[in-house]
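From first to last, the protein sequence lines stand for chains G and U. Residue 3 is where the first sequence starts when you use the working numbering, and the numbers rise one by one after that. Residue 364 is where the second sequence starts when you use the working numbering, and the numbers rise one by one after that.
For the record, the hints were derived by calculation from the structure and aren't laboratory data. One or more hints might be untrue.
No farther apart than 30 Å at their CA atoms in a straight line, the calculated lysine-lysine pairs in the DSS-like style are these [stated by the list, open to error]:
id, chain 1, residue 1, chain 2, residue 2
1, U, K456, G, K439
2, U, K456, G, K175
3, U, K456, G, K125
4, G, K458, U, K456
5, G, K289, U, K456
6, G, K180, U, K456
Stretch-level coverage of chain U by chain G, calculated; a stretch enters the list once three of its residues show a Cβ under 8 Å from a Cβ in chain G [stated by the list, open to error]:
id, region
7, 412 to 418
8, 448 to 455
9, 479 to 489
10, 618 to 626
11, 648 to 657
Backbone N, C-alpha and C fix where the C-beta goes; we use that ideal spot for every residue, glycine too.
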Amino acid sequence: MRRRTLIAGLAVGAAAVLAAAPPLAPQAKAAKDSVVIAWQVDPQTWDPNKRTVPVRQSLYKMVYDQLITQAPDIKLEASLATKWSQSADGKTVTLDIRDNAYWHDGTKVTSADVKYTFLERGKAKHKIDLVRIWRNVADIETPTPTRAVIKLNKPMATAIPWLAFLANFVVPKHHVEKVGADGFADKPMGSGPYKVVDYQRNSRIVLEAFDKYWGPKPKIRKVTVLIMKDPSARVAAVQSGRVDFAPDVPIREVGRLDKMAALSGRIFPISRVILLQIRSDKAFADKNVRLAAHHAIDKKSISQALYAGKAVPLSIVAPPGTPGYVKDFQFPYDPAKSKALLAKSGFSTDKPLKIGMASFNGNFPGDYDIARAVVSMWKKVGIEANLQVIEYSKYFELNRGNKLPEATLYSWDNAVGDPEMFTGYLMHPKLPFSAWKDMDVGGRVMKLFGIVDYDKRIQGYKDVAVYASKQGAVMPLLQSVTTWVHKSNLGVVQYNNGWVLPHKWSWK
Amino acid sequence: MSGEILSIILRRIAVAIPLMLLVSVLVFIVLRLIPADPVAMSMPPNATNEDIEALRREMGLHLPIMHQYGIWLGHILEGDLGRSIAFGQPVSKLIGESLPATIELAAFGALFATAIGLPGGILLFRLRGRPSEQAVDVGSTLMMSIPEFLWALFLILVFGVALNLLPFAGRLPPDMTIPRLTGFLLLDCLLTGNLTAFLEAIRHMLLPALALALGTVPLIMRLLRSSLLDVIGEDYVTMARLRGVPERRVINRHALRNALLPTLSLMGVQFGFLFGGTLLVEVIYSYPGLGNLMVEAVRNTDLPIIQGAALIFALAVLTINLAVDVVYIVVNPKLRRAR
């Protein structure tokens with residue numbers, strides 16, 4: 003007890019010291035062409051094809067190029083590919099490669115690099131996720147250095163958005179072949195706006211602008227990324243003026259830091275959803291119960307309490323601004339209806355339904371607090387949830403063994419916003435990220451994987467997303483938010499998928 | 364004396380081998396019993412169950428635990444600690460790159476703990492019976508009660524933010540780079556003749572080393588005071604006083620020498636813990652050491668790194684204990700004869 007009191011006292015004291023701390027120190031003023039960023043994770047590897055971890059994509063985008071990239075509103079736009087098209091049968095993707103792109107050693111980027119990245123690395127048995135993503139590539143034709151034609155042995159409706167998605171960066175054939183796959187992870191060479199000049203694992207990355215970059219020349223010539231995994235350390239670093247930009251700052255700190263003249267704080271929604279993944283059996287086999295549980299959740303209040311009201315309440319697993327979003331469908335917060343539905347199934351506050359619920363604690367901002375709020379809301383209508391905290395890795399083990407409880411709080415990133423990457427992967431009963439195994443909704447989702455026609459496919463996903471919500475097969479909660487704190491005189495460009503791209507920034 | 368030291372080293376090594384084997388079995392089995400799936404969590408969103416199963420087989424995770432252990436042990440004996448799941452690189456390379464930073468930091472922490480703990484112990488002893496003894500005692504209790512990571516945050520807030528005196532991220536300022544020669548940054552700074560970088564490296568090390576040391580300091584202080592209280596009544600101390608030797612000299616020259624022996628033993632044990640304490644401190648201070656790597660590995664359930672790093676931590680503790688034993692023999696002639 004005494005130890006706890008001491009720790010609590012120290013924490014209060016520390017907060018007081020932080021609050022009373024002076025504003026930015028004069029010596030921390032940055033040079034006008036350089037920036038220091040406090041980043042929350044280490045890249046782990048400089049092979050951008052290796053892993054599909056969303057939070058690392060911004061780091062890779064500073065050094066590498068994708069064939070297709072995204073605008074701040076997440077619409078697809080040209081990058082290494084200036085034009086692209088997909089055949090009606092979904093089995094051929096044709097790409098025009100720009101002829102003014104260079105690798106950091108000055109060599110020209112060609113279609114041979116595209117072929118190497120998406121086909122030959124797999125044949126060379128490089129252990130990269132990209133090989134799994136493009137498992138259906140039969141061949142890549144390179145009729146000219148500026149044209150690549152991807153031939154698939156099965157239709158891939160999302161081939162184009164995948165080219166702008168996780169791990170889909172083009173790598174230099176000549177360099178990777180020279181240094182080997184392991185060597186490449188240590189000796190990065192891209193065609194992106196910055197070259198890596200120094201990297202100390204788990205500590206810092208130093209980047210310098212690449213003079214032959216095909217895009218507009220970055221006004222920020224030097225970027226130092228300090229790997230600061232602890233949120234308190236990031237707060238301290240940006241408050242003390244030692245760094246110019248800090249992402250993923252705790253919500254409560256954003257408001258406090260934003261009040262300082264030298265700093266600006268932002269909380270904004272991104273293309274990430276927070277949802278309750280639902281089992282189709284056990285206590286949730288009853289549709290009334292599932293719908294009752296969904297109607298009992300006051301998403302707006304959760305957003306107000308935990309995300310300063312910036313997290314948008316969702317009714318389907320697709321946030322506003324993405325192609326699969328359905329504007330005119332609302333799943334209302336209605337505790338009276340919830341009680342009535344529960345009563346139909348024989349449950350009430352006096353005779354509550356008992357279910358299990360799993361949540362992470364610290365995997366994404368506010369996760370455990372959301373879970374506790376949901377449990378409390380459910381209790382008011384007659385659902386008693388036994389909340390269990392699980393580790394991220396345990397989630398997969400439980401899901402693989404079909405051992406997840408009735409409801410699991412989960413967060414799903416989808417930078418490109420395509421509905422297949424939302425509803426498709428989360429509701430396809432045969433895929434590892436889905437908890438829902440019932441074939442009524444599941445069968446409808448599976449059929450959509452074969453539709454190539456864009457409009458038909460998007461409409462199909464809109465319909466199935468609404469249907470899934472009406473069936474209680476999923477409980478979308480909120481569009482997640484991200485947070486930034488930066489120096490007020492640093493002009494940063496906000497991307498709706500949360501990307502941090504310093505080559506688009508400038509000092510005011 | 365060198366024969367005796369050699370004999371101790373050999374005996375310690377003989378004990379260390381089965382101990383390391385036991386540690387390896389425990390770590391390996393416990394990690395395999397944790398309900399976690401490191402394979403599925405590292406898969407792309409469009410992965411199939413077949414992809415996951417194929418990778419599990421490729422990594423040998425489908426085999427019985429003891430079979431997996433046998434393969435792992437066989438590789439270790441060949442100097443291969445396996446490949447990291449998350450980093451995709453050899454574990455020995457990752458550990459080799461990180462270890463020097465941790466050794467440097469832990470050594471600095473030990474230096475701080477000694478530099479503060481020993482005079483603090485003497486001060487506590489000198490203050491015995493006075494009202495100020497209580498204040499120092501409460502202060503040392505406070506220091507002991509606070510975990511390293513909280514010290515780390517507190518020091519950042521005070522010296523990094525409020526006073527804005529010391530850096531708290533990484534090992535060098537953003538605009539400074541030193542070529543990696545040995546991995547020991549201080550040494551590399553000296554080898555490249557960069558004195559400014561050397562001083563900056565020390566500045567960057569002050570706060571994390573202090574955060575590590577502060578938990579150990581009160582233990583050293585208290586044991587040293589208690590040891591001084593034990594020896595202060597001994598005949599040789601009384602004789603020294605009767606000879607008119609000043610009190611300061613009685614303590615420093617006569618009592619302290621003997622009182623230091625149990626303290627030295629404690630310091631050995633504590634410095635082993637101090638090595639373990641680098642985990643969160645390194646994360647908070649963006650220090651590229653083994654502790655930081657270990658925390659990253661735990662987050663990713665990166666079994667090969669956790670296993671490898673656990674072995675290295677165990678080896679470090681055994682080595683520190685061995686070093687303390689040797690020093691103990693060197694400074695204690697009585698013990699030499701007894702052995």
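- Message: Would the hint linking U/K456 and G/K125 be met if the CA-CA limit is 30 Å?
- Response: holds (26 Å)
- Message: Check the hint pairing U/K456 with G/K439 against an upper bound of 30 Å on the C-alpha distance.
- Response: violated (43 Å)
- Measure nothing beyond the straight line between the CA atoms of G/K458 and U/K456; if it is 30 Å or shorter, mark the hint as holding. With Cα atoms ~51 Å apart, G/K458 and U/K456 exceed 30 Å; violated.
- Checking C-beta pairs, does the region 618 to 626 of chain U have three or more residues closer than 8 Å to chain G? violated (count 0)
- Message: So if I understand the rule, the pair passes when the alpha-carbon distance is 30 Å or less; does G/K289 with U/K456 pass?
- Response: Cα-Cα ~54 Å, so violated.
- Item | Straight-line alpha-carbon gap G/K180 to U/K456, limit 30 Å | It holds: about 20 Å lies between the C-alpha atoms, which stays within 30 Å.
- Query: Does the alpha-carbon distance linking U/K456 and G/K175 stay inside the 30 Å limit?
  - Reply: Distance ~25 Å between U/K456 and G/K175 Cα, so the pair holds.
- Go check the region 448 to 455 of chain U versus chain G for me, would you? Three or more residues, Cβ under 8 Å, otherwise it fails. holds (count 5)
- Are there three or more residues in the region 412 to 418 of chain U whose C-beta lies closer than 8 Å to some C-beta of chain G? holds (count 3)
- Message: For the region 479 to 489 of chain U, count the residues whose Cβ lies under 8 Å from any Cβ of chain G; is that count three or more?
- Response: violated (count 0)
- Message: Closer than 8 Å Cβ to Cβ for three or more residues is the test here. Does the region 648 to 657 of chain U pass it with chain G?
- Response: holds (count 7)
Of the numbered hints given earlier, the model fails hints 1, 4, 5, 9 and 10; all others are met.
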